[in-house]
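S.K.: Sequence:
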Amino acid sequence: MQSSDAEPIVRIRDLKKNSVNFVLENVDLSFANSFRRVMIADIPTVAIDMVEIETNTTVLPDEFIAHRLGMIPLVSTMCDEAMRYTRDCTCEVRCQYCAIELQLNVACHEANTTMHITSNMLEVVPTNKPGSYGSYDTDDGGEELAKRVENFGHPIGKDDPDVPPILICKIRMGQELRVRCIAKKGIAKEHAKWSPCSAVAFEYDPHNKLRHTSYWYEYDARAEWPLSENAKEEDPPRDDVPFDYNAKPTKFYMEVETDGSLGAQEVVHKGLQELQTKLANLILGLKPEPPENDAFQSGAGAGGGALGGQPNGAHDSSQLGGWGMPPPMASGGSAWSPPRAAGGAAGGAWGSSPARTGGGGGGGWGSPAAAPWGAPAGGSAASGSSGGWGSPAAQGWGSPTQQTNGWNVG
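Using full-length UniProt numbering, the letters of the sequence shown correspond one by one to residues 1 to 410.
In short, the hints are calculated from the structure, not lab data.
Quick list of in silico lysine-lysine cross-link-like pairs, PhoX-like style, CA-CA up to 20 Å:
{"#": "1", "residue 1": "Lys270", "residue 2": "Lys147"}
{"#": "2", "residue 1": "Lys209", "residue 2": "Lys251"}
{"#": "3", "residue 1": "Lys270", "residue 2": "Lys17"}
{"#": "4", "residue 1": "Lys251", "residue 2": "Lys232"}
{"#": "5", "residue 1": "Lys17", "residue 2": "Lys158"}
{"#": "6", "residue 1": "Lys170", "residue 2": "Lys158"}
{"#": "7", "residue 1": "Lys189", "residue 2": "Lys270"}
{"#": "8", "residue 1": "Lys16", "residue 2": "Lys270"}
{"#": "9", "residue 1": "Lys209", "residue 2": "Lys232"}
{"#": "10", "residue 1": "Lys189", "residue 2": "Lys278"}
{"#": "11", "residue 1": "Lys209", "residue 2": "Lys248"}
Derived Cβ-Cβ restraints for the label pairs, each shown as a range:
{"#": "12", "residue 1": "Met78", "residue 2": "Glu224", "range": "46 to 52 Å"}
{"#": "13", "residue 1": "Leu167", "residue 2": "His207", "range": "39 to 45 Å"}
{"#": "14", "residue 1": "Asp5", "residue 2": "Asn151", "range": "45 to 51 Å"}
Don't be surprised by glycine CBs; every beta carbon is placed ideally from N, CA and C.
From just these sequences and the hints, can you work out the full model?
M.R.: Below is the structure:
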């Protein structure tokens, strides 16, 4: 992002309710342009998305009026926290957390009068009116409603004499317009009506020191170059300084103007947050995954003994011990390890076959041993402690059949 070791610098030159002018230094051209595009197209706002026209006797067709209603900016302060996307909401159709309902009911009853239908005539239906959204949800427990400002979702400038209303259409006596609107949350990548900005622009190199164009002038390039107010921020070019072909712009003069749905300060802050989120997701996606430390995939058990050497992880069934384990080895058993071939100290674990000869500890579940718990030893060549859960040496779990390598074969 930075074009040098210096930190980025922001200097605000003018700040108003719906516009801000500032200087951004020590950044690349790519960052300045990305910042501009994010403020235009990636900051969520509220706009009318669905229009249900009940009565329209005006001279304008329905689609004209629907398009004009959709382009009316609505108050969207803290929209990212005060409202949900429809696709992320748990309601079936829409609810007070993901939609705002507005109504427009106007009729002209005066003769020889032309009535102007404006955005100030749009009325927001209160959220405490069940059934107004088609799927009113009172048990969701969301905090979005508490974060909304008082006039959230209202047309901008409503009841403000300093802000002129937006004209929708004109009607004469006997004409009527009855409309029901549903406003939703979205971004300008879906439709331009969700853009909070009316214009975002930046300028750099006001003296044309980088020579972006070389053959545009007729007589004198310096005299005919149109200088802006930003030219006062930099020194004019000097004739004794050689031209730097590797020079890049690092100072940008940015101006942001909003349509009133969001303040200029909030647009700049949200734009930086959105750009940071996008870069974080990109870094996370490019970050290599850590290697998996799985004993079964790496071929080494936790307590010793590698799983078989057959191709593709297969084992010879004639050499298996019990429950699909690899052939016996001459080492002591451990958790999920092959059984021992000769007498050892500790017994095997789940599914491990007993020792071939000699004594030691008993086996695990389903493993035959010298004697069950509480039963006298005998009838087996093995010696030592008891075996599995109540299973005698020559029997399975309550079955008179004989076992071989942990399996009932009788």
